[in-house]
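Start from chain A and add chain B according to the hints.
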Amino acid sequence: MQRAKNLQEYRKELQESLEQDFQRQALDSFAVAYKSGRPNVFARHDFNTLRSDISQAKEEDTSHLEELYEQFKEEAEKKGMHVHFAQTDREANSLVTRIAEENGCKKIVKSKSMTAEETLLNHYLERHGLEVTETDLGEWIIQLRDEGPSHMVMPAIHLSRDQVKDLFTQVTGRQQDRDIETLVKVARRELRQRFVQADMGITGANFAIAQSGTLGIVTNEGNARLVTTLPRVHVVFLGMDKLTASLDGALTTLNGLSKNATGQAITSYVTWITGANECQVAPEENKIVHVIFLDNGRLALSRDAVFSQALRCVRCGACANVCPIYRLVGGHKYGHIYIGAIGLILTYFFHGKDMDKNLIQNCLNCQACKDVCIAGIDLPRLIKEVQVLIQEQDKHPFFNRFVAALLKNRKMFHSLLRTAKSLQKPVSWGGPYLRHLPHFLLGDQDFKALPALASQPFRDKWKDMPENPKNPSYNVALFTGCLQDFVYPEQLEKCVQILTEHNVAVHLPLEQGCCGLPAYMLGEKEAAREVALHNLSAIDPAYYDYVLTLCASCGSHLKENYPGLIGAESGVQVKTEQFTSKVIDLASLLYSVLGLQNSALNFSQEKTAYHAPCHLCRGMGVKTGPRELLRQAGINYQENREEENCCGLGGTYSTKFPEISKEIMNYKLDYLERDNFQRLVTDCPGCILQLRGGAKKRNSSIQVVHLVEALR
Amino acid sequence: MSDIMERFQERAEAVSAQVTHVQGPQEAFEYTLRLCVQKEACQILVSGCEQPLSTAAEDLCHLQVPEKTIAAPDFSSSQLQSLVDLCKEQSISVIQQGLREYLGGMDIGLTQADYAVAETGTLVLDSSKEDFRLATMIPEIHVVLLYSSHIVSDFPQIKNYLQQRFSSTANYTAFITGPSRTADIERVLTLGVHGPLEQHIIIVNDCSNKGQL
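Protein sequences appear in the order of chains A and B. All residue numbers in the first sequence are consecutive under the numbering used here, ending with 1670. All residue numbers in the second sequence are consecutive under the numbering used here, ending with 196.
It should be emphasised that the hints constitute simulated quantities derived from the structure, not laboratory data. From a predicted model like this one, the values you see are computed outputs, not experimental measurements. Beta carbons are placed, not taken as given, at the ideal position from N, Cα and C, and that holds for glycine. Heads up, none of these hints are tricks.
Here are the computed lysine-lysine pairs in the BS3-like style, where the Cα-Cα straight-line distance is at most 30 Å:
| # | chain 1 | residue 1 | chain 2 | residue 2 |
| --- | --- | --- | --- | --- |
| 1 | A | Lys1581 | A | Lys993 |
| 2 | B | Lys112 | A | Lys1065 |
| 3 | B | Lys112 | A | Lys1031 |
| 4 | A | Lys1383 | A | Lys1655 |
With the Cβ distance kept under 8 Å, some of the chain B side facing chain A (calculated, not the full set):
| # | residue |
| --- | --- |
| 5 | Leu86 |
| 6 | Leu117 |
| 7 | Leu145 |
| 8 | Tyr155 |
| 9 | Thr160 |
| 10 | Glu169 |
| 11 | Val176 |
Only chain A is shown next, with the shape it has when bound in the complex (with noise of 0.2 Å):
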């Protein structure tokens, strides 16, 4: 849950999360497991044609959920079911001890629903005098504590058996083992008398059929069935989005539901309601069930242009699991009431913007979370235009501003990095690294050696470069970027000789300025837009071949991002589909445009290990070609578990959350050197800044370099 009300106190819950051994341990040691585990659960089912399946079947639901609403209501309560529809949580909440109150109901027990915990139902209901019971194992022992989930599938994976042993004996009054199975037992039993002795059953659902009626609930321990059979009384409490149309959808959804949730093909149980079934305990042996559908705001999120698409989420939780923030941090911190990825979306949403507000710039844009959710939401975009809609309704911050209004000026910023390097001097010493900087200029930054900028920028180099051939094969724009063009010009130079040698034409279009990125990830959209327009201006692709950069980050910015901020405007839009469809990262031109075969002229036998930029191999989708790349130069290059997972940066990130951003460094490299490798190979120069930055730092043998670099 979120209670910190600045970015300061919310940033010492973080450290205090990143204390928590347990749980540290705990979520680490399931990030690897799910991640381990994925290639056999989807052996037999291609994950895009399930993904593509369960996007399109949600989406054409969510564009007619009131439709459906009716549908439903109609089929259920020809069938015995009585429907609600209610408006906001505190009528979802009152219409369930009103029908307790109707049904004389006093136990209450209840299977596990994210609705109810988004509206705090328990404690709505407990406030007013109902005694409920969580009959889900994780959840039964959260609310014993009196906590929320950490985890949508898993509510309790925070909590050792210890933890639990210690609760389930002061539950119980007897001393507890710390043997899980026992602990499990124990459980069973205690809870199997609240279910006897109940008289209300409430369950969530995760379909409701529209065609029928039906309602589908998965679970895994079986107790929404006892839930749904022992009471006499039933209420189902779900949120709008839950509508399905038919059975099709309903099974299409299950099939990658289980899979892409806990990895398994499907769970254990899954419970299909239509009607008011057989109950020999209820008046005319028929079973009172209430279905309540819970609106707060969905209905109006369906018919909006950019975040209908967080409605196709099917609670499975993987975003989290993938999450490399999560990883460290755990739910409570990493979420509101919905946690992980589309819990920073829904919690806007669903519980306001005091909720979101610090939570919802806590992300690494690393997209891990789009390339594993198996609804096709496009989470981390959703996150940006979360983050942009807080901010115009609140002041931008000064820091966001300064930078807005520096990149939207490319000479303003250009001849500040000019007058910073000569500035620089007295702490660069003429190296390659800002040494003995005052700790008030440092900080919580302090974790990584910062670099100098470079003598010259390759802007200024460029007329010194070798000249282009006479008959090129093609012509290539180069987009520098600024990390590259102010602080690692080396990596351009080598870049450019190795094309020409290879007959290719190199151009620099000397008024390009940043991509935009920093300035789109601190949420200032206007200012993100102005920077494309100018650079599509300044680079015509009409004249090129190809627009490369060897910065993954502005690459995948360029790529994905620039149509969404220049928009549909009449003739630009052209431009921008021209533009982006061009641009290209450098193992993709030379494996896979120039075909470039045994390249390097550095045949090196280090151990080395590759680190895919986030912005290369799930922003632009490229994942062969740098890897073939290093195999065939004859490049001691071995695969590594951790390859494909974030380096900690996140541009502007690491200043916001630095000591987020120390850990999820450290931990690569401490696993590169347990594994003895001597050399770390990447595409970005953000990814260089930090882990070579870290690797300084921390005085590692571990040398850092650009593909570039590894190839000549």
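This is chain B only, laid out in the frame that chain A set:
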């Protein structure tokens, strides 16, 4: 064994189901009986009675019936008679209805499955009768009779069946894949948290109808 049956068995066993093959229902009853006889006396208890429990939870232990019980709510009276006869010799009682009286515990729930899905090792059970649901959830062991001709390869193949069920006035259909499980404490897989601790699937070979729905 047909491919589809083999696949079903492999996937069901992968989720901890125990699969056996028999020639007819009589043999299945014998299997169930043996299972019940072999059960340790202490396991007759509602699972967990041997644990340190709160006083309220312990009350349930007193609801136990003195002899072993098999709940079999879903068989014809002639079929059931042969099971009753078998059980009589071992003083095991067979209960067919009113299962709510036995919430303190039953040893075995014996039911049939409408279909099985090979792709996931899933059983499909029409659970509309309350007693049927209780028989599949309350006992420690759930034994399921499945005719080999009722194994299909994947869910789309039973779409018509499901749609037909869902179109009726009231219906409760269950997909059950292995015994009840949880991994809520330290992600350690533990069987039998709320429902059965064991699931036994007895496949009755009825080749005459092979491949038909």
